[in-house]
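Protein chains in written order, with my numbering: chain A, 2 to 419; chain B, 1203 to 1434.
It should be emphasised that the hints constitute simulated quantities derived from the structure, not laboratory data.
Errors might be hidden in some of the hints.
Here are some chain A residues pointing at chain B (derived, C-beta under 10 Å) [to be verified]: (1) F3; (2) K291; (3) S331; (4) A334.
Every residue gets a Cβ at the ideal spot worked out from N, C-alpha and C, and that includes glycine.
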Amino acid sequence: MFLRILGKSILKRKSRIAIAIISVLIGSSVATALLTVSFDVSEKVSLEFRKYGANLLIVPHSDTIEVGFPGVEFGSVTEQRYINESDIWKIKSIYWRNNVMGFAPFLYQVVTARSEQVEQRIVLVGTYFNRTIQIQSPYAPQDPLTFTTGVQIISPWWHIMGDWIKDENDTTSCMIGATVAEKLNLSVNDSFTITYNQQYGSIENTSMYNLTVVGIVMTDGYEDNQIFVNLQVAQQITGRPGKLHTIQVSALCNACPVETFAEEIKELIPYVEGRSVKQLVHAEMDILGKIQNMMFLVTIVALIASALGVMTTMITSVIERQKEIGLMKSVGAENKKIIALFLSEATIIGIIGGIIGYLVGLILAQFIGISVFSLSITPRLEVIPIVIGISVGVALLASILPVRRAVRVEPAIVLRGE
Amino acid sequence: MNEEIIKLQAIKKYYDPSTHVLENLNLIIHKGAWTSIMGPSGSGKTTLLNIIGCLDSATAGSVFINGTETTKLNQTQLTRFRRENIGLIFQQYHLVPYLTALENVMLAQYYHGVIDEGKATETLKKVELGHRLDHIPSHLSGGEQQRVCIARALINEPKILLADEPTGNLDQKNGDIVLDLIKQLHAEGHTIILVTHNPEIAKLGQRIITVIDGKICSDSTCKSEINETDKR
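The following block holds chain A by itself, in its conformation from the complex (with noise of 0.2 Å):
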């Protein structure tokens, strides 16, 4: 019978229902779009961020001494130290290996650069383009035994004019800074010449290389100063075989802090350290924090107008009903039982608004992602029962006054005929 009360009194009053639902729908599909947004787009910033460069750097760990004696300080002194290559592959056998999305070597030396009357000091850099390394000891058995990383993964926002080098084993291609390439006047598929001077004592070797062209580099960043090859490259131009000075890496670090991969990293390389790209980091969690609280806000926000929404539809119902809650006391029914009628009537509406809203609510999470974050929104299905919860929610406590009066309502008012 309460159903049949129920479901009845919700069909005799279509409009005023739709009314309600579309208020509970409107703070529903702002909480979805911003719940979805929120889930979704805090992981995929997270992975966009990483687009923008490595956000941790692996350096040798270096002792420096301070020279002097008391009184007279000249400065400090730091060893010279490398990281081998042949180490490179356990950044990807740390615990957080899944979140490490590249990382690349590199190996600096300042060199000449001759092409036809122009010759420039410039920065030889060396390092993986796009390379398959072995996973020497994966972390877990099932764990792939080889890697693809380079710059071009860790660095795909790079604007390339020409191509990348692609064969790993290219000796004789470069790819150069748009600087370089205005100092050198130098064009893709142009050919120039570098020199690098070795002292080893008294001893002088110099060793001059032809390099080609294939690709410019333009980042307006340092990178459009210097001169790129593959990392054995530089090694053999500067007599560094197997060496490098640092490891960029890439890490999501949407669920743990990045400084845990720099520990995991130096725990399999004890001779090296991380720093994390702080800046880059806290910029990061900056703007995510700043849009989540943003979101935040406007559910809120939202969610107020849903309740007022319901609860003004709500009260309006209750005053149209006055005679029917008084004809319903004046037969019998207890309070609870008109509580029960009005909250059912509620939590129907919260239902049917949060469902509908979290449809809605995907729509406009695309538009939120799309235009806002360029980001396809993939949608969540934890969100429907937390966006249902506080639908019914906002509808429940938006009963409270309502409820409130129709409690109050005295049977009289029938025979009054008020």
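For chain A, the structure is supplied; the task is to place chain B on it using the hints.
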């Protein structure tokens, strides 16, 4: 027949200090009696009916119904007492507009805690609405709606039936049908209290009480008792 079923002692009802609706009213009604209450508009007769029907509470005084002092009951207890002891027939019928005739009768059963569709059907047949079970109030005539109201009042077998202008909104023909039903219920032993403006309808009762300015200014039974005393 002489068993007291309703007893009002020094009943006062004030809505605010300056509005005295009932003033020190005393009344005894016997089981199975038909009492008609008359009086001009605003005299307090509906308030009196509300207090007897446990729909309203007295500001002062005591009300005993079927041996229970209802003035000492709280709202929930009053609701329970009302649904078990009192049937209400309204001038405006007051049916739930979206429920059928049958469901309106079953509504009273539902709040009483015992739903019996068969009994509800039988009761509607008793008021000659067996063919209108599935009609909603807007599809019924005024007389038919009032008969649904009577069926709803009867469904829980109350001892007392309170009727507030039951024929006030009906034409002569439908009014007669409803009055015939009330006569039949009285004949079956129900205690009837009927509020009316119509002296002809009031005369159907064994006793006519006239309420003016919150006081009983005439009581036909009392008069006859007084007359009988005078004769002696």
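Consistency of the hints with the structure:
With a cut of 10 Å, the hint placing A/F3 at the interface with chain B holds, because the nearest CB-to-CB distance is about 7 Å. Among the interface hints, the one on A/K291 is violated; its C-beta lies about 51 Å from the nearest C-beta in chain B, farther than the 10 Å criterion. For A/S331, the suggested interface contact is upheld, since its CB lies about 6 Å from the closest CB of chain B, less than 10 Å. Given the 10 Å rule on beta carbons, the hint for A/A334 holds: about 5 Å separates it from the nearest Cβ of chain B.
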